[in-house]
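Q: Those protein sequence lines, which keep their order, are chains A and B. Residue 28 in my numbering sits at position 18 of the first sequence, with consecutive numbering throughout. Residue 52 in my numbering sits at position 51 of the second sequence, with consecutive numbering throughout.
Incorrect hints may have been included.
[Unchecked claim] In silico DSS-like cross-links for lysine-lysine, where the CA-CA straight-line distance does not exceed 30 Å: (1) 12(A) to 52(A); (2) 43(B) to 58(B); (3) 52(A) to 84(B); (4) 12(A) to 79(B); (5) 84(B) to 55(A); (6) 12(A) to 43(B); (7) 89(A) to 55(A); (8) 52(A) to 79(B); (9) 55(A) to 12(A); (10) 84(B) to 12(A); (11) 55(A) to 58(B); (12) 12(A) to 58(B); (13) 79(B) to 89(A); (14) 79(B) to 58(B); (15) 58(B) to 84(B); (16) 58(B) to 89(A); (17) 52(A) to 43(B); (18) 89(A) to 84(B); (19) 89(A) to 43(B).
Honestly, the hints are just simulated from the structure, not real lab data.
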Amino acid sequence: RKEVEQDPGPFNVPEGATVAFNCTYSNSASQSFFWYRQDCRKEPKLLMSVYSSGNEDGRFTAQLNRASQYISLLIRDSKLSDSATYLCVVNSPEDDYKLSFGAGTTVTVRA
Amino acid sequence: EPEVTQTPSHQVTQMGQEVILRCVPISNHLYFYWYRQILGQKVEFLVSFYNNEISEKSEIFDDQFSVERPDGSNFTLKIRSTKLEDSAMYFCASSEISEETQYFGPGTRLLVL
Chain A
11 RKEVEQDPGP
21 FNVPEGATVA
31 FNCTYSNSAS
41 QSFFWYRQDC
51 RKEPKLLMSV
61 YSSGNEDGRF
71 TAQLNRASQY
81 ISLLIRDSKL
91 SDSATYLCVV
101 NSPEDDYKLS
111 FGAGTTVTVR
121 A
Chain B
2 EPEVTQTPSH
12 QVTQMGQEVI
22 LRCVPISNHL
32 YFYWYRQILG
42 QKVEFLVSFY
52 NNEISEKSEI
62 FDDQFSVERP
72 DGSNFTLKIR
82 STKLEDSAMY
92 FCASSEISEE
102 TQYFGPGTRL
112 LVL
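Turn these sequences into a full structure, and let the hints steer you where they fit.
A: And the structure:
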């Protein structure tokens with residue numbers, strides 16, 4: 011079983027739309043959760059950390075469900091610049107905090 | 002804003018040659034990492050490094066790979082005898098403490114012919 015699984019998409023949405031997608035993780039001992047964004051052929055960049063109570067950063071909302079071992083990301087009022095691959099990332103203290111990446115969910119926002 | 006830097010941005014090499022990829026982590030960070038991403042695939046952990054020694058490595062990180070912190074600023078990944086399947090983007094990352102956010106460099110694209 012993959013450590014981190016994501017729906018690869020692509021999600022093609024018009025500007026202004028809301029898009030949401032999930033990620034599941036297999037290690038119940040995981041403690042830290044992140045969404046990174048990766049543009050084509052570029053490095054992953056931290057979008058936001060995901061906290062147990064859920065958190066929001068502008069148009070982005072992340073949720074964590076530890077019981078079901080999934081994380082979600084919701085993007086409101088999509089912009090063209092939101093087009094990217096969104097990487098679900100998990101780390102675990104028993105793995106010495108190495109990051110485990112999902113394969114990414116591709117989002118394309120069209121005008 | 003401080004950032005991780007990597008050189009070179011691109012490297013083309015012949016199979017069997019040695020390559021050294023260089024990284025300068027963020028200056029007050031203590032934990033350093035190498036990841037790789039084969040084209041079209043996910044980012045994969047290679048190795049983590051703290052206090053001048055490897056703290057963890059993946060099964061990908063075999064005897065052909067080594068890491069070093071030769072001075073107070075650089076962190077290098079050496080591949081002793083490159084194989085075709087080593088062609089990938091190699092990302093260096095650093096974090097202040099182990100459980101905190103890791104920041105990635107822009108990567109080195111390695112092509113082995």
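Q: Sort out which numbered hints this structure fails and list those numbers smallest first.
A: 13, 16, 18
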